[in-house]
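Take a look at the letters that make up each chain.
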Amino acid sequence: MMIRRLKDDLVKNKAIYIMLLPVVAYYIIFKYAPMSGAVIAFKDFSPGKGIWHSPWVGLDNFKDFFESYYFWRIIRNTLLISFYDLVFGFPAPIILALLINEVRLATFKRFVQTVSYLPHFISTVVICGFIVEFTSTGGIINSIISFFGGTRSALLGDAGNFRTIYVSSQIWQEIGWSSIIYLAALSGINPELYEAAKIDGAGRWKQTLNVTLPGITSIIVILLILKTGSLLDVGFEKIILLYSPMTYETADVISSFVYRMGIGANDYSFTTAVGLFQSIINFVLLFSANSLSRRLSGNKIW
Amino acid sequence: MRLSLPERAFSVFNGLLLMLLAVGTLYPFYHVLMASFSDSKQLIAHSGVLLRPLGFQLDAYQAVLDNPNILNGYRNTIVIVVTGTLINLIMTTVAAYALSRTFMLKNTLLMMIVFTMFFSGGLIPNFLLVNNFLHMGGTYWALILPSAINSWNLIVMITSMRSIPESLIESARMDGAGEFRVLLRIVVPLSMPVISVMLLYYGVAHWNSWFQALLYLRDRETFPLQLILREILIFKNTESMSIGAGVGDQEAIGESIRYATIMVATLPILLVYPFLQKYFVKGVMVGAIKE
Numbered sequence: 001m002m003i004r005r006l007k008d009d010l011v012k013n014k015a016i017y018i019m020l021l022p023v024v025a026y027y028i029i030f031k032y033a034p035m036s037g038a039v040i041a042f043k044d045f046s047p048g049k050g051i052w053h054s055p056w057v058g059l060d061n062f063k064d065f066f067e068s069y070y071f072w073r074i075i076r077n078t079l080l081i082s083f084y085d086l087v088f089g090f091p092a093p094i095i096l097a098l099l100i101n102e103v104r105l106a107t108f109k110r111f112v113q114t115v116s117y118l119p120h121f122i123s124t125v126v127i128c129g130f131i132v133e134f135t136s137t138g139g140i141i142n143s144i145i146s147f148f149g150g151t152r153s154a155l156l157g158d159a160g161n162f163r164t165i166y167v168s169s170q171i172w173q174e175i176g177w178s179s180i181i182y183l184a185a186l187s188g189i190n191p192e193l194y195e196a197a198k199i200d201g202a203g204r205w206k207q208t209l210n211v212t213l214p215g216i217t218s219i220i221v222i223l224l225i226l227k228t229g230s231l232l233d234v235g236f237e238k239i240i241l242l243y244s245p246m247t248y249e250t251a252d253v254i255s256s257f258v259y260r261m262g263i264g265a266n267d268y269s270f271t272t273a274v275g276l277f278q279s280i281i282n283f284v285l286l287f288s289a290n291s292l293s294r295r296l297s298g299n300k301i302w
Numbered sequence: 001m002r003l004s005l006p007e008r009a010f011s012v013f014n015g016l017l018l019m020l021l022a023v024g025t026l027y028p029f030y031h032v033l034m035a036s037f038s039d040s041k042q043l044i045a046h047s048g049v050l051l052r053p054l055g056f057q058l059d060a061y062q063a064v065l066d067n068p069n070i071l072n073g074y075r076n077t078i079v080i081v082v083t084g085t086l087i088n089l090i091m092t093t094v095a096a097y098a099l100s101r102t103f104m105l106k107n108t109l110l111m112m113i114v115f116t117m118f119f120s121g122g123l124i125p126n127f128l129l130v131n132n133f134l135h136m137g138g139t140y141w142a143l144i145l146p147s148a149i150n151s152w153n154l155i156v157m158i159t160s161m162r163s164i165p166e167s168l169i170e171s172a173r174m175d176g177a178g179e180f181r182v183l184l185r186i187v188v189p190l191s192m193p194v195i196s197v198m199l200l201y202y203g204v205a206h207w208n209s210w211f212q213a214l215l216y217l218r219d220r221e222t223f224p225l226q227l228i229l230r231e232i233l234i235f236k237n238t239e240s241m242s243i244g245a246g247v248g249d250q251e252a253i254g255e256s257i258r259y260a261t262i263m264v265a266t267l268p269i270l271l272v273y274p275f276l277q278k279y280f281v282k283g284v285m286v287g288a289i290k291e
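These protein sequences, in sequence, are chains A and B. Using full-length UniProt numbering, the first residue of the first sequence is number 1, and each one after it goes up by one. Using full-length UniProt numbering, the first residue of the second sequence is number 1, and each one after it goes up by one.
This is chain A alone, in the form it adopts within the complex:
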């Protein structure tokens, strides 16, 4: 029955299915094949033998990871960077959107928006170039520090500063771009609600609290769910450009560890296991955050 209907549909929408052929091929080859390739996490893979002929080792690679000297270090670094990014980086664009929304002068509003989106389009390499220059001993950040009576030092080489530098530069680069989605939601709030609030005697602050914020709550919750699903996902591009053996102690995260041990040291099976661990935890977190939110607030991503 199903198959019969499918056959009819294949004939009826032949052109659509032909169009989808390269698309499906793309997803199978470049997305699903690597997912099944992740079985090497349970094997002792060597490129010479290939996936099939490499011996199974069960959960050994995972056990090695959990027992390794680096396990707690990279978990701690990943979670701390994510946590700081959540605490400071998540509210920042919401606050910016609320402030931009209060601007009455259209040209000034457009100017602030245009300027604040710009860094999003600058390459990671160039952003890291900025960071390297500005945190150097003669750089501008050190000038500010010495102006307030501190002493100049090579900031990026000091493990104690790495997370601060990483998270604050991340906020600098993305605050404007991330605010767009909130501005879109703000522009969708019914103006009559503001009128009604004004009649009830609400000032600007009360209006923000009772009309504006509720108007963007659902988008905030959805973005928060997505953020929860990437708690272990600190991107490695910026990390591997900025860190050095001197700062591994605070800078090395799961993804940079996978890169260094996998690509650098060819430890393929072990690092695939580490990557798989990360993907699975993220997926579980996303799933739980989504069902929690669906139950509590009705907001959900699926």
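To give a feel for the contact side, a few chain B residues facing chain A, derived at Cβ under 7 Å:
| id | residue |
| --- | --- |
| 1 | SER47 |
| 2 | VAL94 |
| 3 | THR116 |
| 4 | GLY178 |
| 5 | ILE262 |
| 6 | THR266 |
For the record, the hints were derived by calculation from the structure and aren't laboratory data. Glycine is no exception: its CB is placed at the ideal position from the N, C-alpha and C atoms.
Since the structure of chain A is already known, use the hints to place chain B on it.
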């Protein structure tokens, strides 16, 4: 409308705060621009805010433009951006059109696509696939094909295409147009705004990408600009550009060369940005509101 005193005070404070943010965002670019025109020795001796170039010179730009690595990198990047973006646009447009129609397997396929946005095999299996199984290592295909479709962009485009009135498509079909004709003659022309947004997103992504090149390319001659930039900005390797200068001067010249390199590599984006910025914002809005 008359504002009360606290409200006026807030407006002024808000304006100042946003102005400060704008200055904080633009200053690094301004600093780099001024430093790139500055005399290296004065630049090294100076620390703090730079409001104007310290002694005007264009030697750093001369050195950058004379550097074969940078010119070569520029050329390679342009090849990758043009080919990559073209493939991205064709794949995404065709996929979005097909997935905005009604057919039986549609929801299954959409689920398959959405799943990949939240779960992936990870860096190493991807690397082994492209490098060891598809043997794309050393070619630009390794930088282009694995990212032929960005699923977020695809979803934005599907949402936008759904808003095209069905009656337009029906009437074209009445005139005997098949799916391919409808796509080319009706849907693509009506989707130009979202297609131009995609052009920008994909184009900028290819321009800025460096990690895939680091993974897959081996021959220096084929390196894109960002990989050359990484050597100059992060590893501070500017020796090839300051050959001929005395030993002590090499380091000095390197200083302004690094700034000039940032300018040369970022200029194309800085130049097109003001003109195109309203389009990308629209693209995000389309995705955000319809979601």
